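Participant: The chain contents come next:
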Amino acid sequence: MDRNSRLAVLLVAPLLLLMIVGFVLPLGTTAFKAVDNPEVTAALPRTTAALGQWSGDGLPDEAVYAAFVEDLLSPQDNRVFGGLVRRLNFEQTGMRSIISGARRAAEGLQAPYSESLPALNAVWGEPEVWQLLQTHSNPYTATYLLRAMDLRMAADGSIIPVDPQQAIFRELFLRTFIISLWVTVFAVLLGYPTAWFLSTLRGRAEGLALLCVLVPFWISILVRSTAWFIVLQREGPINAALLATGVIDTPQAIIFTRPAVYLAMVHVLLPFQILPLLAVMKRIRPDYVRAAASLGARPWQQFLLVYLPMTMPGVAAGAVMVLMLSVGFYITPVLVGGLRDQMVSYYIAYFTNTSINLGMAAALSLLLLILTGLLVVAAARVLPGLNLGARV
Amino acid sequence: MTDAAPDPALVRFDGVQKSYDGILRVVKDLHLGIAEGEFLTLLGPSGSGKTTTLMMLAGFETPTAGNILFARQRINDMPTYRRNFGMVFQNYALFPHMTVAENLAFPLRMHRFAKSEIPGRVERALDMIRLGAVADRRPAQLSGGQQQRVALARALVFEPRMVLMDEPLGALDKQLREHMQLEIRELHERLGLTMLYVTHDQTEAMTMSDRIAIFDDGRIQQVGPPDRVYDHPENAFVARFMGENNALPARVEARDGARLRLRCPAGSQLVALCCPEGLPDGGDAQVLVRPEQVTLGEATENCLRGIVADVIYQGDHLRVVVDVPAIGRLSARLPKAARPDCPSPGAEVAVHFAPEAALAFPAEDAVET
Ligand SMILES: Nc1ncnc2c1ncn2[C@@H]1O[C@H](COP(=O)(O)OP(=O)(O)O)[C@@H](O)[C@H]1O
Ligand SMILES: [Mg+2]
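The listed protein sequences correspond, in order, to chains A and B.
Each residue of the first sequence is one higher than the one before, starting from 1 at the first, in the working numbering.
Each residue of the second sequence is one higher than the one before, starting from 1 at the first, in the working numbering.
A few of these clues could be false.
[Claimed, not checked] Under 8 Å between C-beta atoms, here's a sample of chain B residues computed to sit facing chain A:
#1 A58
#2 T80
#3 Y81
#4 F85
#5 G86
#6 M87
#7 F89
#8 N91
#9 A93
#10 P96
#11 F106
#12 M110
#13 R154
#14 F158
#15 Y230
[What the hints assert, rightly or not] Across the chosen pairs, the derived CB separations fall in these ranges:
#16 A:W300 / B:P96: 15 to 23 Å
#17 B:A140 / A:V12: 27 to 35 Å
#18 B:I118 / A:I284: 22 to 30 Å
#19 B:G346 / A:K282: 54 to 62 Å
#20 A:K282 / B:E178: 32 to 40 Å
#21 A:I284 / B:R190: 50 to 58 Å
#22 A:V215 / B:P79: 51 to 59 Å
#23 A:K282 / B:D227: 42 to 50 Å
#24 A:V9 / B:A140: 49 to 57 Å
By construction, these hints were calculated from the structure, which means they are not laboratory data.
Note that the coordinates shown come from a computational prediction; the quantities given were computed from them, not determined experimentally.
In this text, a Cβ means the ideal position worked out from N, Cα and C, and glycines have one as well.
Model the full structure from these sequences, guided by the hints.
Facilitator: Set out below in structure tokens:
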């Protein structure tokens, strides 16, 4: 390597490091967490080894039972065991009490365990529970990703839908994208005329108006969402004003509804639509619309055939930004939405903070990322088409 | 108007004024007629109100006072799209999201030409500018000159009632500009169109126009054919703005009909024509002479002596710069044939010019503008 290329490497090194730390590392970890399956192996190392020999037909032999009891008896970190119980219970409800019961009774069990364990709980005399343990002694699992799509793997390895009362994620993803699409549509419809108006201002008025767009942009999303929470409450100023003017006679439920979510999200995201649009509009000299007028185009034709297609890149840039941001929205729906208005992020937070199921949180994140990516690619395909559609 | 003869002008500005802020008048009391089939150029320095005048005729601005008439109809408030004027903008304003052919079809579609007729017309327009090969390209893929021609074709293709152009050649390099000047002039002659052209380049105006209206400070200073405004400027502004001038300071001593007798600071006598606006006896004046009117050699009238400061070979002519004591530099434009007997720098020479070629105006600081 000569001096120059060493210098070049040195120059890009910080950027590379930033890419790795800020992008590759978190994404890689998330992808890994979504398929990582360490709990069973960590808590039951001997059982895992013994199950490795087992064909999976019928019942395993005494060696497996003995290894299992030995694992139960070995002095263990309760956190590791707790992880195992949570993991298996997530796969099959009821496993919590089965495993815990076996652990409590393990001291008093006599060999041969292939008889004493089923005597304790008949479940241990059936192949399914051992199949479950074997399946999940694999270091990787598709369970979380499947579950994120309301699917699961049956004992025989086929992929089947989960029980209807457990199937929540498809609807969740659908809801997330529908809310995001509507937010994007509203942001475009509101942002376009606003940006156009701003682009016509000059001098002091221009600076002032831009400030009005930017100030909310600089205020934290949490603060803005909280403000909407206060404004929309039952006892909030909107209800108070409506009551005072006699439009309504009982306070209306505004907060914790879907319209409240749209209102707050559109407000929070509007600058992301306005700013790229404004940048595009500012660069379009009045000559183009004037040329259209001089060539005989009526005002609506000037707009539809010339101005709109020319500002389409700004619409697209803003809309993609708004869409991507709203797909990942968390705090605003949490504050002003009801339970049926929550989006994927809410469940990611739930699995991370409440049910401590990082695998599920990672799987949802990964799926959200992939779906959003697909959406953006699709949008990129459609938007030049939009341009073509408006062609003369 | 009470006289029986109808106004022959196609376009008439009748006392038109324009102010953007309500205080400063950018166009002041404009009276101007444009005849059918005429090529009229608005010429003037930047900021003199040419674009504003064009914008009012195009319908992008409304006059603050006065009327704009087209074919004797008042059009002050008529929307642009109904005026049916072709327009060429300085930056062409070709629609970037349309191909060249689509750009040309746009005005035809807007004016509801029959669908079957449009492709043929577009094709003929492309042939006219010899750009048939680029019909399917986007404007961004064309050179500046090609874009200019497309803009021109687009302004003509729908057979507008007249064509307005605002410095359409400003963005082209010199050679292409000169070529396009001839091309536009030829198109004008071939199609017999009425054209209003705006430029700040006096050579361009001279090359192309039937008549030139010289603008300054929101007013027309003079209107006339190129030779008229060049050879017989009506005021100092026009004389100074059109072409090159030698300016000689002098004081009026006597008058002899249209001729003035003046004295230079160094004592030499000058004879010059008096400008139309007149000059008082004893007033400070400035005598303007064009370099091509100055010749070397002795003469009885208007003869000045000085030292050759420089001789410049300019291809088609020679320029001799002479330092005249107490008067300043005088520039003479000589035919190339004069080269062998041209004095070299440092030599003492006499120069002279005909009284008919010299125009005396009030001195510049005395002129109110
Ligand atoms: N839209 C406008 N608003 C305010 N002032 C303007 C506007 N357009 C032009 N002006 C002013 O009017 C004067 C004449 O401008 P313009 O007509 O463009 O002159 P020209 O085309 O001869 O250079 C200039 O002083 C310019 O600053
Ligand atoms: Mg101008």
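Participant: Evaluate each hint against the coordinates.
Facilitator: Evaluation of the provided hints:
Interface hint at B:A58: satisfied, since its Cβ lies 6 Å from the closest Cβ of chain A, which is below the 8 Å cut-off. With 8 Å as the threshold, the beta carbon of B:T80 comes within range of chain A, its nearest partner Cβ sitting at about 4 Å, so the hint holds. For B:Y81, the suggested interface contact is upheld, since its CB lies about 5 Å from the closest CB of chain A, less than 8 Å. Because the beta carbon of B:F85 sits about 6 Å from the nearest beta carbon in chain A, less than 8 Å, this interface hint is met.
Annotation: interface hint on B:G86 holds; nearest CB of chain A at approximately 7 Å, less than 8 Å. Among the interface hints, the one on B:M87 holds; its C-beta lies about 4 Å from the nearest C-beta in chain A, closer than the 8 Å criterion. Against a cut-off of 8 Å between C-beta atoms, the interface hint on B:F89 holds, since the closest Cβ of chain A lies about 5 Å away. Evaluation of the B:N91 hint against chain A yields a held restraint, the C-beta minimum of about 6 Å falling below 8 Å.
About 4 Å separates the beta-carbon of B:A93 from the nearest beta-carbon of chain A, less than 8 Å, and the hint is met. With 8 Å as the threshold, the beta carbon of B:P96 comes within range of chain A, its nearest partner Cβ sitting at about 7 Å, so the hint holds. This hint holds: B:F106 has a C-beta 5 Å from the nearest C-beta of chain A, less than the 8 Å allowed. Taking 8 Å as the C-beta contact cut-off toward chain A, the hint placing B:M110 at the interface holds, the least distance being around 3 Å.
This hint holds: B:R154 has a C-beta 7 Å from the nearest C-beta of chain A, less than the 8 Å allowed. Taking 8 Å as the C-beta contact cut-off toward chain A, the hint placing B:F158 at the interface holds, the least distance being around 7 Å. Because the closest C-beta pair between B:Y230 and chain A is about 32 Å apart, greater than 8 Å, the hint is violated. With their beta carbons about 20 Å apart, A:W300 and B:P96 fall inside the hinted range of 15 to 23 Å.
Hint check: B:A140 to A:V12, Cβ distance near 32 Å, so the stated range 27 to 35 Å holds. With their beta carbons about 27 Å apart, B:I118 and A:I284 fall inside the hinted range of 22 to 30 Å. A C-beta distance of roughly 59 Å is found between B:G346 and A:K282, which places it inside the suggested range of 54 to 62 Å. Checked against the hint of 32 to 40 Å, the pair A:K282 and B:E178 passes, with Cβ atoms roughly 35 Å apart.
Checked against the hint of 50 to 58 Å, the C-beta distance between A:I284 and B:R190 comes to roughly 34 Å, which is inconsistent with it. For the hinted restraint 51 to 59 Å between A:V215 and B:P79, the CB-CB distance of approximately 39 Å leaves it violated. Range check, A:K282 to B:D227: Cβ separation about 46 Å, and the 42 to 50 Å hint holds. Taking the beta carbon of each, A:V9 and B:A140 are about 37 Å apart, not inside 49 to 57 Å as hinted.
Of the numbered hints listed earlier, those contradicted by the structure are 15, 21, 22 and 24.
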